[in-house]
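A.B. asks: Read off the chains here:
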Amino acid sequence: MTVTDPAFLPCGDAALSVEFGRVVDPRLNALALDLDAALTAAPPEGLLETVPTYRALLVHFDPLITDHEEIERAVRDLLGDLETSTKTPRRWRVPVVYGGEYGVDLEDLAKAHGLTPDEVVTRHSAGVYTVAMLGFTPGFCYLAGLDPSLATPRRTDPREVTPAGTIAIGGDQANIASIEAPSGWNLIGRTPLRNFMPAREPAFLIDAGDEVVFEAIAEDAWAALDEAAAAGEWIAEEIAREDTHG
Amino acid sequence: MAEIEVVDCGPATTIQDAGRYGLQRYGVGPAGAMDRDALTLANLLVGNDPDEAAIEFAGLGGRFRVKEGVVRIALAGADAPLSVDGEPVAAQTSVTLRAGDAFSIGPARNGMYAMLGIAGGLDVAPMLGSRSLHRRAAIGGLDGKALQAGDILPLRKAAPDGDDLTLPDTFEPARGPIRVLRGPQDDHFSEAGLATFFDSSYTLSRQADRMGYRLNGPVIAHSDGFNIISDGIVTGAIQVPGSGEPIVLMADRQTTGGYPKIATIISADLPRFAQLRPGDSVRFQGVTREEAVTAAREAARLRADLRGRLIPAGSMDLTSERLLALNLVGGMVDARADFFQEENA
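Listed in order, the protein sequences are those of chains A and B.
One point on numbering: in this note's numbering, the residue at position 188 of the first sequence is 196, and numbering is uninterrupted.
One point on numbering: in this note's numbering, the residue at position 202 of the second sequence is 208, and numbering is uninterrupted.
Read the hints as simulated data drawn from the structure, not as lab findings.
Since the structure is predicted, the reported quantities are computational estimates derived from the model, not experimental observations.
Heads up, the beta-carbon is just placed ideally off N, CA and C, and yes, glycines get one too.
No false leads were mixed into what you were given.
Here are a few chain A residues that face chain B, going by a calculated C-beta distance under 10 Å:
id	residue
1	L17
2	A64
3	H68
4	E77
5	G147
6	Y150
Work out the full structure: start from the sequences and follow the hints.
C.D. replies: Next comes the structure, spelled out in structure tokens:
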């Protein structure tokens, strides 16, 4: 597969999917994210919005102004330069209370891997994750970069409700949940961060393509951080890449 | 200041405009009116911009009371009876109400989604660029919720301008099969599966709401399993899960999904597809990209032309013997002016 040869798949009369592949692969995701950044920087006429996912970029356009062919041409023009892109992703530090009532599946998950809960926390918070995409619910981040030793199948009995801010593992994916939602993932912790808060400016903090590191915090730090987050503070810190273990 | 009180209404009565765009990358779908053409007509009939927020009724109606001010309303979309203090109002016609007037919208007799346009628009704050209720995100609408008994809806205008308007001819959408564009994952289906989809008649099930319409009918065969790595989706996408029966994703859909999508309903045909009722049958017909884009442009032109097709509501009477009588004493334009003076006196 070459960068310059994605599939262009029509999604009705007002969108085109630029599909780089059909599997989960960080290189495909990077292409989708790089093309997303390039289109955002130089939007062709009639482009409405873009939705990056693991392996494709969905380009919504106004069919009164442009069409599939023109969008495809604009994308092809950008593809050649993607590899030279030198943008630096933002990196966020996200505080997490692990285990206990904050992560009810932590002990079971540790046991399943022959690890102690602390070892799971250490491995989970040692990683540097890339936000592969947002979806499912507003502000829900799908994270790539989970330590393979923590990969855990989804639960056979999904929960009807899981709390806002849930930090979980589903297969080889990690996540940051934003709002209360049903989930079959394994809940290992919770962050007071609100990645979606409509009354706050900006309403969303972490975007696709950003990087995330987790910081374990004590349970007794929860109340103050949660209160601050509810009042509109970001809680998640944007940090310099040099400051971390990544 | 004008206000409307919700006396009672069906559970899925919501405020919707043309939708919220630009946030799909964050997982927020567009929401917006299920029937874009109905939104346009309801708004134009009360002198609003075509994309202004209106009240959408999902099959069931509601009862309202004008609490304060002068309020002009018009109903479009599904054929539902609108009446003021028990008196029926002609379809596709605006009516002007005063404080104390009660009006009600009955259950839809034909179609599913009726839109109530309100002159001047509702004075509810847009959230993230739209007044449309997005239930899951709890944004838009009235405080992030559907309408319910006791709600007070303030309007941005104390009284409407100009005349009541009517659309004298019908605003009928195209007939025939619902047009679709193949893809994005049509190659996940066998040739037989594709043939089943295009050659069969499907029935809208009871599992049909603003999020999606589940269809019953012949099972569509996949060629390559029914899970894909989640990718972006659009309104009108027809996904086929393991059951083999299609689900059409509608205005309140998610932004990403993991089932293969055999085809996408073209935007020009989404309004009439949205108006199907459980038990109605539907067939799909493939079109080319060019035909799909041309249809979108034609639909936009029809919506833009609507404004010019509206006439003052009272002038309907002029077409009858009244017009004949008035013509005996003067030109039609003058006669019309006399007529309105008389009506307003």
